[in-house]
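Peer 1: Each chain, written out:
Number of protein chains: 10
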Amino acid sequence: MMTKDDVALMILEAKRTTGLTWEEIADKIGMSPVFTHSACVGMNAFPPAKADELVKLLALPQEAALVLSESPTKNFAQTVPTDPCIYRFYEIVGVYGPTLKALIQEKFGDGIMSAIDFDMTVTRVPNPKGDRVKVEMSGKYLQYSAW
Amino acid sequence: MMTKDDVALMILEAKRTTGLTWEEIADKIGMSPVFTHSACVGMNAFPPAKADELVKLLALPQEAALVLSESPTKNFAQTVPTDPCIYRFYEIVGVYGPTLKALIQEKFGDGIMSAIDFDMTVTRVPNPKGDRVKVEMSGKYLQYSAW
Amino acid sequence: MMTKDDVALMILEAKRTTGLTWEEIADKIGMSPVFTHSACVGMNAFPPAKADELVKLLALPQEAALVLSESPTKNFAQTVPTDPCIYRFYEIVGVYGPTLKALIQEKFGDGIMSAIDFDMTVTRVPNPKGDRVKVEMSGKYLQYSAW
Amino acid sequence: MMTKDDVALMILEAKRTTGLTWEEIADKIGMSPVFTHSACVGMNAFPPAKADELVKLLALPQEAALVLSESPTKNFAQTVPTDPCIYRFYEIVGVYGPTLKALIQEKFGDGIMSAIDFDMTVTRVPNPKGDRVKVEMSGKYLQYSAW
Amino acid sequence: MMTKDDVALMILEAKRTTGLTWEEIADKIGMSPVFTHSACVGMNAFPPAKADELVKLLALPQEAALVLSESPTKNFAQTVPTDPCIYRFYEIVGVYGPTLKALIQEKFGDGIMSAIDFDMTVTRVPNPKGDRVKVEMSGKYLQYSAW
Amino acid sequence: MMTKDDVALMILEAKRTTGLTWEEIADKIGMSPVFTHSACVGMNAFPPAKADELVKLLALPQEAALVLSESPTKNFAQTVPTDPCIYRFYEIVGVYGPTLKALIQEKFGDGIMSAIDFDMTVTRVPNPKGDRVKVEMSGKYLQYSAW
Amino acid sequence: MMTKDDVALMILEAKRTTGLTWEEIADKIGMSPVFTHSACVGMNAFPPAKADELVKLLALPQEAALVLSESPTKNFAQTVPTDPCIYRFYEIVGVYGPTLKALIQEKFGDGIMSAIDFDMTVTRVPNPKGDRVKVEMSGKYLQYSAW
Amino acid sequence: MMTKDDVALMILEAKRTTGLTWEEIADKIGMSPVFTHSACVGMNAFPPAKADELVKLLALPQEAALVLSESPTKNFAQTVPTDPCIYRFYEIVGVYGPTLKALIQEKFGDGIMSAIDFDMTVTRVPNPKGDRVKVEMSGKYLQYSAW
Amino acid sequence: MMTKDDVALMILEAKRTTGLTWEEIADKIGMSPVFTHSACVGMNAFPPAKADELVKLLALPQEAALVLSESPTKNFAQTVPTDPCIYRFYEIVGVYGPTLKALIQEKFGDGIMSAIDFDMTVTRVPNPKGDRVKVEMSGKYLQYSAW
Amino acid sequence: MMTKDDVALMILEAKRTTGLTWEEIADKIGMSPVFTHSACVGMNAFPPAKADELVKLLALPQEAALVLSESPTKNFAQTVPTDPCIYRFYEIVGVYGPTLKALIQEKFGDGIMSAIDFDMTVTRVPNPKGDRVKVEMSGKYLQYSAW
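Chains as they are written, first to last, in the working numbering: chain G, 1 to 147; chain H, 1 to 147; chain W, 1 to 147; chain Y, 1 to 147; chain L, 1 to 147; chain C, 1 to 147; chain U, 1 to 147; chain A, 1 to 147; chain F, 1 to 147; chain S, 1 to 147.
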C-alpha cells in the first residue's frame, strides 16, 4: 500500500531531477511554499484538486494524489530536535514561551493561538548588516471555555 | 544576594498593584513588549539605562537595576511544555521544523536563523471569523562555515 | 504575593471545614462541577463574578478573587500519571487515540477536537451489574488550514 | 506467521479499495465504530463470530479471522503522543486528571473508572457556532479493596 | 492543613517509640499487614472505623483519622525503582510480564487481573536451604468489553 | 545463526497448528507453565533434557534444542509497560513496593527476595462475585552482607 | 524524627573536626572501609553493636545508633551518574557488561553474581608508571531456578 | 563493507561449531578472557597480530582481521541495563559509587580511576556456602589538573 | 535516491581500499581535516567544487558530488554519548559549561560563541609526560539583541 | 556544615561588592581564569595554598579555604543544557563528536583525550568581521589497554 513516506520520496526525486524549487512547485499549484513543503513530506493533507495538480506537475503515479490528500498522522520523532536550524526554533519556544503566553493573554484574554487554524510564511529580508530570516505565524485566537 | 527570581517577583507584585500592562511598561521604558516581559522574568538582560528606568517606574530597590542588567542563565525546566498556550508553539516546531529548514536553505543556502541576533513581536489582528494572533520572528541569517 | 497554590489550599481547608462537596460548591456559584474543581485547584480561570461568589461562599480573603480569575499556567508534572484513577484515562488515550483520530476524520474531515473550546461532565449511571462512570467531553471541531 | 499488523494492513487496503467507512464496516458486522476500528488496527480482539463476518465482508484470507480474535498486546510507542488530534486528549488528561479523580471519588467513593469494562462513542453534534465533537466514555466503577 | 505525609511521619515516630511491628499494628486494628502499612504511608485509605482505631492505638491527634480515611493520590516518584528490594519486583514484571499475560489469557480469556479489587500477603516460608519470601497476589479477573 | 527469537516464532506457529495450550505443553515436558512460557519466548534457559523434549513434542529442528538451553539476555524494551495486563503488575510494584520492602524487613531482617532463586504460579480461583487471578511468587531470602 | 541524612551530616562534621579518615574509622569499629562509608552515608545498615561503637567513637547522640542500624531505602537519584569518578564505573558496566555476563555463564552456568551477598575492597597498588586503583568485588553466584 | 557486527556474528557461529570456550580462545591467542570477549563482540580493538591469530584459529576471512583491529565506537543502547546479570553491576555502581569516590580520594587525592588504562578479570572462587564470583578491576589513577 | 549515508559508506570503503588518511584526503582537496571528515560522514555540506574534487579523488559516482554538497540534517541519536572518546567532551561541557559562559560574558558581554560561523582543529602536541590532544575551537561572538 | 554552594555564594557576593573580574581574581591568586571560576563555583578543588590566597583576597571566613580545597562531586543537573551559550558547546559535541574521535584515533591510535589531565583557555580574538571566541582544550592522550 502506497504510503505518505513513499510519496515524499518520489517527490524529492522528482524535485532533484526537475531542478524545481519548493517555491516554484508551490507557485505552480497555487499554494504557499510552507504548506506545500509540509504536505509533500507528509505533515499536511493537500486538498484533492491540489494533489492532482502536483501529481501532474511532477509526473507521479495517480495513486499518489489519493495518498497526498489523506489525513496524515503527524509523528515527530525527536522530542528535542538536534538539527541546529530546527533547534533554534525549539530554543525560542523554551526561552520566549512564557512571554508569548503573557502577551497573548494581555491582548486577548485567557486563551491560546491555534496551531490548527494556522498559517505561516518564511521571507528573506535584505539587511546591510546581513540579511534576515523573517517567519510570520498567524493563528486564530481560541478562548478557554468556562462552563 | 538578590536574584533575578527575586526581582521578577517584585515586578509582578508592582504590576498587580499599579495595574500597568506589559505593553504600558514597555512603552514607558522605550523597549518592545516581548523583550520587556522576557527581561523582567529573567530570560534577558536589560541595557543598564533601561534597567534604571524600569526600577524608577516600578519603585523597585536600586540593587534590582544591577540584577536586571546581568547576563541571565536561560534555564527552562520542561523539555516538552505542558501549558497549552506554550505547547502549541512547540507543536508548530515539531510539525513545521523540517519545512522551516528546507525553505531557509532554499532562500539563503546552508545555514540557520539566529536565535541570538533575533527579535519578535506579537500582534492582535482583527478578523470577522475571529481575531488572530500574529507572531513575527526575525533573526539574522547565519551561514555555516566551510574551512 | 498570593498564588493559585495558596488559594487552592485555602479552598481545600474551607471545604473540609464546611463539609461542602464540589457539586454543592459548583451549584452555589452556578458553574459546572468539572470547571469549578479545575479552577479551584488552579488549572482554569474563574470569570471575575464567579470568583467573587466563591470567595464569599467560602469566606476567603478578597485578594483570592483576583487570583482565581487570573490566567493560569497549566503545568502538570507527571508525563505519565501514576495514580491509578488518572492513569486509566491516560491508558485510554494510548489505546484508543488512533481510533479517536480516525473517527473524527471520518465524520468531520482533516482536523481535531479542541481542548480549549471544550467542556466535560462526570455522571454516575446506575447499573445492576455495578454502577458506571460516564464521562462526556465536547469540543469544537477545528479544521486544519490549507493555504 | 500472520500477525495483527499484517491483518491491519490488509484491512486498510480493502477499505481503500471498497470505499467503505469505519461506520459502514461497523454497521455491517454489528459492532460499534470505536470498537471496530480499534480491533481492526490490533488494539482489541473481535469475538470470533464478528471476526468471521469481517473477513467475509472484506474478502480477507480465513486465517485473518483467527488473528483478529486473538488477545492483542496493546503497545503504544509514544509516551507523549505528537499527533495534534491525539495530543489534545493527552492534554485533557493532564489538565483535568485530578478533577476527574476528585469527582469520581465524590460520587462513588475511593475507586476508579475501569478502562477494561469500558465503552466509548464519538458523535458529531451540529452547532451554529461550529459543529462539535462529542466523546462519551463509560466504564464500570471499581472500588479499592480494603483487607 | 494536616496531610497524609504528616500523618505517615507521626505513625513512624509512634511505631519507633512503642516498638510495635506492622504486623502487631495490623492485628490490633483487624486489618492485614500489607493494607495497614500501605494506608499508613498514604497509599490507601482506611475505612473510617479502622482509622479511628489506629488513631487511638498510636495516640495520634483525632484529625489524623479524617486524613487516614481520605482517598489518596497514589504518586510514586521513581519510574524505575532503585532500592534493590523493590527493584527485584520491577525486574520480575519486566521479565515475566508477557508470561503472566499469556497465562491469564489462557485461563480466563481476553482480560486482566485487577489491581483495584486486589489483595496481597507476604509470608515467611521456612526452608532448609534458606527461608523463602512468599508473596501472594489476588485480583479479580476483568474481561475486556466488546461493544 | 538460529536465535532465541527464531525459535520463539517456531514455537508460536507450532502451538497455533497443534492447538496445544501452554499448560498442556508444560505438562508434557514436566515443567511449570510459567517457566515453560518464559523459556519458550526466550526469557529463560531450558535444562537440555527439557529442551530436547520440547523440540520433539513440537517437531522443531534439533538445533532449536541447543538454542533453548543457552543462557538468554533478558532485555525488556519498555521501561514502563503499556499493555494493560502487564501495566497493572507494574502499578502494584509502584504502589506496594515500599510495603513489600517494609514487611520483608520486618519478617527477615535487612535483605531482599531473590528474583533468581525464584518461582511463580498463576491460578484461577473461582469466586461467586467473579473469579480471581491468583499469582504466587516465592523467592529465597537474601541477607545483605556486612563486612 | 532523626533520619539517615541527619546522621550522615553529623558524621561528616565529626569527621572534619576529628580529622579521622574513613579507613581509621573503619579500623576502630572493626568493619571494612567500603562498608563503613556506605553505612555512614545511609546506603547500608550497621549491625547494632557496630552502630554503638561508631556513635561512641564520634560522640554522636545515642539515637543515631538506632538510625544507623535501620534498613535503608537505597535511592540513587542519577540514572546516569555525572561525577567523572563515578561515571567511569558506569561506563565500565556499559562497555564490559555483556563480557561479565558471558564469562560468569561460562564459568558457572545460567546465573548472576549477587549484589546482596556481596563485598568489595579498594586498594592502592604502587606502579612505576603511575599507581593504580584496584577494586575487588566478590558476590555469591546465584543460579536461575528452573521449575 | 564488513563491520564489527558482522565479525562478531562469525565468531559466535565459529564458537558454537568448534565448541571452544572464551577462556580457550583467549588462551590460544595469548590474551585475557575479558579482553578477548570484549574485542570479539566489538567493544575493543585487537592488536593486529592477535587479530591475525584469532582469524586463523577460527578460520574467519582475512578481512575480519582488519575489522577486528580497527578502533570501535563503543555504543551501548540501554541507559539502564535490564538483564539481571548486568543490572546487578549497574546497581553496585548506583549504591557504592559515592563510596568508591570517597575512598579513591582518601587514598590518592582528587582524581579518578581510569577506565581506559584499565584491565579486569573474572574468577570463580570455591566457597562451602556457595561459590563466589570475583571481579577484579585495575585502572591507573589519574589526578585532576589544577592550572 | 542516493543519500548522505550511502555516500558516507562509499567513502569509508574507498578510504579502506586506498589507505588514505583523513588528513591526506583533506590536504588533497584543500579543506581542513575536521571539516572534511564531518562533511564525508554527512554532518556538513561541501562546497560544490570540493565535492567534485573528492569524488574524483576517491573515484565515487558523479551523483555523489551532488549529495555531498546538499544541506544535511544534523541528527545525532544519543542525547548522552556512550563512546568514551566522545563522552569526555560531553563531560567537559557539563563540568565547564557555566565557566565557559561566565568567561565569554566577562570578555564580550551578553552573548554566545556561534556554533555555525565556527571552525575547529585537532593537533598532536608532543609532551615528555605523554603527548597531548589539543582541540581549538573558534566561533564568532554573537551579541544578544535588545529591542 | 559549610558547603561548596555556601562558599560559591559568598564568592559571588564578594565579586559583586569588590567589582573584581574572574580574570583579575585568577591573576591575583596565580591560577588560570577557567580553573579559578570552575573551582569557585564548586566544580574543582583549589590547591590548599591557592584556597588560602582566595579567602584572603575576598575576605571570606577561614573555613571556606578548607571547603574550597575539598574534592567536589561534579553533579550537573541538565542532561541537555538549555542556556544557549552552553547549548552551543553541547551541539558541537553532538555534531563533531565522531569527527573528534576519528581524528584522535588517526593521530594517536585507539584511545581518548583525558578530561582529567586537562586544561582549557578562553580568549577573545579580534576580527574585522566580528571578534571571535577561541576555546583551547588540551588533554593527555590515553591509550586503551589491551591485556
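Note that these hints are calculated values from the structure, not bench results. Small disclaimer: the values here were computed from a predicted structure and weren't measured. Check before you lean on any hint, since a few could be wrong.
One side only, chain W facing chain G, incomplete, derived with CB under 8 Å [said to hold, decoys possible]: (1) ILE116; (2) SER145; (3) ALA146.
Where chain L lies over chain Y, by a calculated footprint (3+ residues, C-beta under 8 Å) [unchecked claim]: (4) 75-85; (5) 125-136; (6) 139-147.
Some chain L residues flagged as far from chain C (calculated, every beta-carbon gap over 10 Å) [unchecked claim]: (7) ARG16; (8) LYS28; (9) GLY30; (10) ALA49; (11) LYS50; (12) ALA59; (13) GLY94; (14) GLY111; (15) VAL135; (16) ALA146.
Even for Gly, the Cβ is constructed at its ideal location relative to N, Cα and C.
Peer 1: For every hint, state whether the structure bears it out.
Peer 2: A quick look at each hint next to the structure:
With 8 Å as the threshold, the beta carbon of W/ILE116 comes within range of chain G, its nearest partner Cβ sitting at about 4 Å, so the hint holds. Contact between W/SER145 and chain G, as hinted, is supported at the beta carbon level, the nearest pair being about 5 Å apart and thus within 8 Å. Contact between W/ALA146 and chain G, as hinted, is supported at the beta carbon level, the nearest pair being about 5 Å apart and thus within 8 Å. Check result for the segment 75-85 of chain Y against chain L: violated, 0 residues qualifying (beta carbon to beta carbon below 8 Å, three or more required).
Counting residues of the segment 125-136 of chain Y whose CB lies closer than 8 Å to any CB of chain L gives 0, so the stated coverage by that chain is violated, three being the minimum. Judged by the Cβ-Cβ criterion of 8 Å, the segment 139-147 of chain Y is covered by chain L as claimed, because 6 of its residues qualify and three suffice. Listed as a non-interface residue, L/ARG16 keeps its Cβ farther than 10 Å from every Cβ of chain C; the least gap is roughly 13 Å. Residue-level check passed: L/LYS28 sits 15 Å from the nearest beta carbon of chain C, beyond 10 Å.
Even its closest Cβ contact with chain C, about 17 Å, leaves L/GLY30 beyond 10 Å, as expected for a residue assigned away from the interface. The non-interface label for L/ALA49 is consistent with chain C: the shortest C-beta to C-beta separation is roughly 21 Å, beyond 10 Å. At the 10 Å boundary, the C-beta of L/LYS50 stays outside the reach of chain C, the nearest C-beta of that chain being 16 Å off. With a least beta-carbon separation of about 21 Å from chain C, L/ALA59 lies farther than 10 Å from that chain, consistent with its non-interface assignment.
Distance check for L/GLY94 against chain C: the nearest CB is about 4 Å away, which does not clear 10 Å, and the non-interface claim fails. With a cut of 10 Å on Cβ distances, L/GLY111 falls inside the contact zone with chain C, its closest approach being about 8 Å. The beta carbon of L/VAL135 sits about 4 Å from the closest Cβ of chain C, which is not more than 10 Å, so the claim that it is off the interface is violated. With a least beta-carbon separation of about 15 Å from chain C, L/ALA146 lies farther than 10 Å from that chain, consistent with its non-interface assignment.
Hint violations for this structure: numbers 4, 5, 13, 14, 15, all remaining hints satisfied.
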